[in-house]
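Undergrad: Sequence:
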Amino acid sequence: MSRWVSRQPSSRQRPRNLRSLWIPALSAIVLGAAIVAAIKGQESRGPAEIERAGSAVFPLLTEVEFDTDENTPGRATVEGTGTVLFGRYVLTVAHAVTRERLEMTVRTPRGDLVLPVMGPRLSEKTWLLSGNLRVPLTPVARDEEADLALFRLPDRTGLASFPYPVGDSETLRLGDPIAVLGADPVAGPLFRPGSVAGLHGSSAIQSVTRGDRVFLMSLALASGESGAPILAARGGSYELVGVAQGTYIGPRQLAWAIRIGPGLESLSRQDASDEVRKFVRRCRRAQVAGTAGCAPDGLRAEGMAGPRPSGTPPFTVSLRQKSPLKPPGFRP
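Quick note on the numbering used here: the sequence shown kicks off at 3 and runs consecutively.
Hints are computed from structural coordinates only; laboratory data are not their basis. Computed from a predicted structure; not experimentally measured. Positions of the beta carbon are idealized from the N, C-alpha and C atoms, including for glycine. There may be inaccurate statements among the hints.
Label pairs and their calculated CB-CB ranges [stated by the list, open to error]:
| hint | residue 1 | residue 2 | range |
| --- | --- | --- | --- |
| 1 | Ser197 | Lys280 | 26 to 36 Å |
| 2 | Glu146 | Ser205 | 20 to 30 Å |
| 3 | Ser225 | Pro49 | 20 to 30 Å |
| 4 | Leu115 | Arg77 | 18 to 28 Å |
| 5 | Asp157 | Asp114 | 42 to 52 Å |
Dumping the calculated SDA-like pairs for lysine to any residue here, alpha-carbon to alpha-carbon at most 25 Å [unchecked claim]:
| hint | residue 1 | residue 2 |
| --- | --- | --- |
| 6 | Lys127 | Pro156 |
| 7 | Lys127 | Glu67 |
| 8 | Lys127 | Ala224 |
| 9 | Lys127 | Glu147 |
| 10 | Lys127 | Ala78 |
| 11 | Lys127 | Thr79 |
| 12 | Lys127 | Pro187 |
| 13 | Lys127 | Asp69 |
| 14 | Lys127 | Pro138 |
| 15 | Lys127 | Arg77 |
| 16 | Lys280 | Glu147 |
| 17 | Lys127 | Ser268 |
| 18 | Lys127 | Pro141 |
| 19 | Lys280 | Thr140 |
| 20 | Lys127 | Leu161 |
| 21 | Lys127 | Asp71 |
| 22 | Lys280 | Arg158 |
| 23 | Lys127 | Asp276 |
| 24 | Lys127 | Asp273 |
| 25 | Lys280 | Asp170 |
Construct the entire structure; sequences and hints are all you get.
TA: Quick look at the structure:
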């Protein structure tokens with residue numbers, strides 16, 4: 003009588019079969035993760051995310067009063083652009099939020115002549131303009147050499163925070179796509195693409211900035227855009243790599259921006275306050291993590307943020323003012 007005997011696969015054969023199943027499964031997982039990452043990258047560079055970033059960029063207005071030996075002090079206004087980071091701070095350029103002296107424009111047959119008006123500075127106040135609101139800003143740090151200024155927002159502002167992380171500005175290459183993100187009180191967020199036109203500053207701007215700390219852009223800046231954030235396309239998303247500083251008035255019409263890396267290092271110099279050092283450290287962590295590290299929750303983890311927004315912000319309501327005055331040596 004014959005018997006059928008079923009043979010079980012040996013222990014050496016089973017791992018081979020399992021291995022043949024795991025390889026396509028692992029490939030499918032990797033492919034799926036790549037597709038998800040690509041979709042998220044498309045979303046982070048899409049119109050909705052750019053508009054969200056633009057809602058964290060605001061016009062800034064600074065009023066400076068001088069003692070001119072008259073009954074009323076002389077007043078000058080300066081305009082710029084600032085970016086809300088971590089829901090608590092505003093980063094901009096220093097020259098767009100201060101004025102060292104009062105100037106008077108005199109019309110002559112050969113054109114306008116700008117004359118200095120002697121007198122000490124009495125006061126200086128900076129506001130963030132959001133619609134008809136003037137949000138008072140508290141100075142935290144100002145580095146004249148790096149031309150950067152950091153302000154603190156009051157509590158309970160409810161203003162949007164910049165969603166993109168701080169990027170590595172030292173890895174920019176010639177021709178890299180960049181964009182200036184501005185704000186207009188009527189048009190809203192303004193997104194203007196360009197490219198890196200030069201890795202260092204030219205001889206034409208040596209008198210106003212250090213060439214090794216800036217890069218040139220293939221576009222010009224509009225009036226009041228000093229301090230606007232400069233974005234670079236990296237890995238399917240955007241990163242904050244610079245702060246707009248000025249425009250070269252010449253045949254090429256090139257603008258330049260402060261590299262965010264050296265600028266932050268300058269802010270965190272040895273005599274910087276603990277608050278500034280914590281701010282810069284948070285920016286570094288956002289750069290390493292490669293996430294949207296400019297969110298308020300990340301700042302709260304550093305022990306720097308105030309209470310969560312609640313109630314009505316105690317702001318002074320005023321219409322936006324426009325001034326023809328521009329910081330000397332710059333355009334805008």
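Undergrad: Sort out whether Ser268 lies within 25 Å of Lys127, counting only the CA atoms.
TA: holds (24 Å)
Undergrad: Next pair to validate is Lys280 with Asp170; report whether the Cα-Cα distance is within 25 Å.
TA: holds (19 Å)
Undergrad: Does the structure keep Lys127 and Arg77 at a Cα separation of 25 Å or less?
TA: Roughly 11 Å between the alpha carbons, so the hint for Lys127 and Arg77 holds.
Undergrad: Is the Cα-Cα distance between Lys127 and Pro138 25 Å or less?
TA: holds (8 Å)
Undergrad: So if I understand the rule, the pair passes when the alpha-carbon distance is 25 Å or less; does Lys127 with Ala78 pass?
TA: Satisfied, since the Cα-Cα distance of roughly 11 Å is no more than 25 Å.
Undergrad: What's the verdict on Lys280 and Glu147, does the C-alpha distance respect the 25 Å limit or exceed it?
TA: This hinted pair holds, its Cα atoms lying about 21 Å apart.
Undergrad: Has the given pair, Lys127 with Pro141, been kept, meaning a C-alpha gap of at most 25 Å?
TA: holds (9 Å)
Undergrad: Does Pro156 lie within 25 Å of Lys127 when you go C-alpha to C-alpha?
TA: Distance of about 14 Å is within 25 Å: holds.
Undergrad: Given the range 20 to 30 Å, decide if the beta-carbon distance of Ser225 to Pro49 lies inside it.
TA: Holds, at about 26 Å.
Undergrad: Going straight from one Cα to the other, do Lys127 and Glu67 come out at no more than 25 Å?
TA: Holds. Lys127 to Glu67 sits at ~9 Å (cutoff 25 Å).
Undergrad: Going straight from one Cα to the other, do Lys280 and Arg158 come out at no more than 25 Å?
TA: With a Cα-Cα distance of about 21 Å, the restraint between Lys280 and Arg158 holds, given a limit of 25 Å.
Undergrad: Does the structure keep Lys127 and Asp273 at a Cα separation of 25 Å or less?
TA: Status holds; Cα separation ~24 Å.
Of the numbered hints stated above, none is contradicted by the structure.
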